[in-house]
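Protein chains: 2
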Amino acid sequence: MPSAKRDTITALAGGVGASKLLLGLHDVMDPHDLTVIVNTGDDIVLHGLKISPDLDIVTYTLAGIVDEAKGWGFRGETFHALERLAAFGRINWFNLGDRDLATHIHRSAMLAEGKSLSDAAEAIRVALAVKTRILPMCDEPVPTMIDTAEGELHFQEYLVKRRAEPVVRGIRFDGADKVRPANGVLDAIRDADRIVVCPSNPLISIGPILAVPGIREALRARRETVVAVCPIVGGKSLKGPSDKMLAELGYEASAPGVAKLYADFSGTFVIDPTDKKQADRIRDLGIKVEVVPTVMATRAQKRKLAGSLLALKS
Amino acid sequence: MPSAKRDTITALAGGVGASKLLLGLHDVMDPHDLTVIVNTGDDIVLHGLKISPDLDIVTYTLAGIVDEAKGWGFRGETFHALERLAAFGRINWFNLGDRDLATHIHRSAMLAEGKSLSDAAEAIRVALAVKTRILPMCDEPVPTMIDTAEGELHFQEYLVKRRAEPVVRGIRFDGADKVRPANGVLDAIRDADRIVVCPSNPLISIGPILAVPGIREALRARRETVVAVCPIVGGKSLKGPSDKMLAELGYEASAPGVAKLYADFSGTFVIDPTDKKQADRIRDLGIKVEVVPTVMATRAQKRKLAGSLLALKS
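Those protein sequences? They're chains S and A, same order as listed. Using numbering that gives the first Met the number 0, the letters of the first sequence map in sequence onto residues 0 to 313. Using numbering that gives the first Met the number 0, the letters of the second sequence map in sequence onto residues 0 to 313.
Some hints here could point you the wrong way.
You can't tell identical chains apart in this list, so a pair holds if it fits in one copy or across any two.
Here are the simulated DSBU-like cross-link-like pairs (lysine-lysine), alpha carbons at most 35 Å apart as the crow flies [what the hints assert, rightly or not]:
id : residue 1 : residue 2
1  : Lys49     : Lys69
2  : Lys177    : Lys243
3  : Lys243    : Lys114
4  : Lys303    : Lys177
5  : Lys160    : Lys312
What the hints contain is simulated information worked out from the structure, not anything from laboratory work.
Let the hints inform the model, and build the full structure from the sequences given.
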């Protein structure tokens with residue numbers, strides 16, 4: 000049930016999966032009290048343009064302009080520029096809509112003018128009238144590189160171009176050891192009444208955020224207020240290739256498998272009733288378990304899960 | 000009448016006005032035998048993208064994809080990205096269509112990769128299956144700056160943003176003294192059987208080309224083969240603010256006024272029958288005069304003027 004108390008929430012988020020929960024939170028609380036720390040390991044420069052897929056998915060979702068069927072891009076989007084880019088022999092496996100392109104052009108122009116990725120994210124969310132603060136995990140590029148049987152691929156090449164087909168042998172967040180959290184990130188973790196880890200891919204959506212020096216430590220210091228929503232239900236990903244990647248890297252593709260990855264910083268773990276038999280295995284890791292429906296096909300389900308999180312006793 | 004002989008033609012061109020004649024030439028001759036040297040003084044960087052309006056107008060026209068009603072941009076174009084750029088507070092007085100944007104993105108990406116403007120122009124015309132060679136006047140930026148009562152403006156600010164309203168006090172081709180003609184430009188002038196100066200604005204379309212060191216001298220050396228088509232008919236511009244700019248800068252806005260600007264390098268001057276009474280004043284400059292209809296509203300008129308030029312005895 001929605002809390003009457005004005006709690007501040009800081010959420011760690013990837014893209015499409017996270018945005019479902021974020022939209023629910025945005026609906027049931029004052030959106031000004033929500034701060035989102037977003038994975039930028041997926042970022043890529045294409046055609047000279049800086050593309051930040053997860054930042055844009057979160058921003059477009061909260062702005063109410065996202066294509067809900069796909070979970071990314073603008074609703075009613077056209078792809079005329081992309082058709083022409085392809086005609087020039089440029090890569091076209093990464094979808095760039097015409098309206099979406101303006102975001103990338105604006106962001107790239109701001110970066111070229113010496114502004115930070117945080118500045119660009121802030122300018123974009125303000126222009127789109129999003130009330131929730133949206134922070135990139137860091138300002139510098141930390142590309143997620145996937146080691147596969149076909150060689151090392153940029154995450155977008157792995158996911159979009161190769162449709163997550165190659166077997167994953169390892170994951171590397173290139174340059175993560177040399178960056179620091181973006182302005183506001185550590186404060187948002189330190190000061191929030193509740194920290195929510197969204198149901199995103201633990202390896203390549205939450206993983207990059209945790210790899211930024213200082214973030215995992217800051218979360219550990221707030222372990223009792225951290226609640227993670229499991230992205231695996233009944234051994235399957237809610238969205239994307241989490242299950243496949245976990246298995247290929249020797250992790251268990253299950254709720255306890257993910258809980259183990261989060262055990263050092265997450266005091267509470269939310270699992271779907273489907274997995275309630277696994278609760279004891281998670282409790283054995285020293286984590287409190289909440290059993291709540293986590294499948295969010297409808298707006299009502301998003302709000303309901305969000306409300307449940309707000310109602311948790313910390 | 001179209002010449003049966005295979006003459007090579009090199010044309011000096013601005014944008015919309017020139018493209019009418021270029022399309023006519025392209026129709027009545029083997030387009031491989033036509034080379035166009037294009038003004039790049041209008042070029043501008045907007046939103047971090049290098050925009051070359053005259054190169055694109057010429058290329059799109061010869062590719063058969065131009066919006067014929069406007070004379071620039073793609074036919075059936077959408078402007079979704081531009082609407083979003085405006086929502087981000089970016090300037091939107093310069094029209095950038097979605098398909099057109101791909102050209103600017105591709106060109107900018109090539110330049111960022113270390114390629115030249117000539118390389119980009121060549122890649123774009125090849126991708127658009129244009130058979131005619133299209134050369135920028137030079138590879139480096141030489142922005143046309145317009146000194147006005149409101150201060151100095153980039154040409155696009157003067158023309159598009161301020162709709163050519165401010166009174167012009169001077170014109171400057173910034174950095175022209177430090178550049179050299181793009182690869183192939185001087186050869187194209189030296190080797191052509193016929194050199195055509197298109198009916199473009201003599202001050203800000205042909206003027207920048209002439210300001211590139213070496214080009215005017217190369218034209219003078221071929222004066223007997225140079226034929227210029229007058230862009231002023233009955234004291235009015237065929238297109239754009241030529242008449243107004245000529246008058247404001249103290250030149251005569253007339254066929255003889257333009258002929259005077261070209262007298263040193265143009266052996267022949269083509270005027271419309273409207274201006275036939277001015278022919279003697281032009282001959283007094285030591286220039287041969289041809290009286291041929293120069294108003295090109297229809298494709299047939301474009302072909303007819305082009306055919307007349309091919310039929311001229313040099």
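Do the hints match the structure? See the list:
no.: 1; hint: Lys49 <-> Lys69; verdict: both (21 Å within a copy, 32 Å between copies)
no.: 2; hint: Lys177 <-> Lys243; verdict: within (29 Å within a copy, 59 Å between copies)
no.: 3; hint: Lys243 <-> Lys114; verdict: neither (38 Å within a copy, 42 Å between copies)
no.: 4; hint: Lys303 <-> Lys177; verdict: neither (40 Å within a copy, 67 Å between copies)
no.: 5; hint: Lys160 <-> Lys312; verdict: neither (43 Å within a copy, 59 Å between copies)
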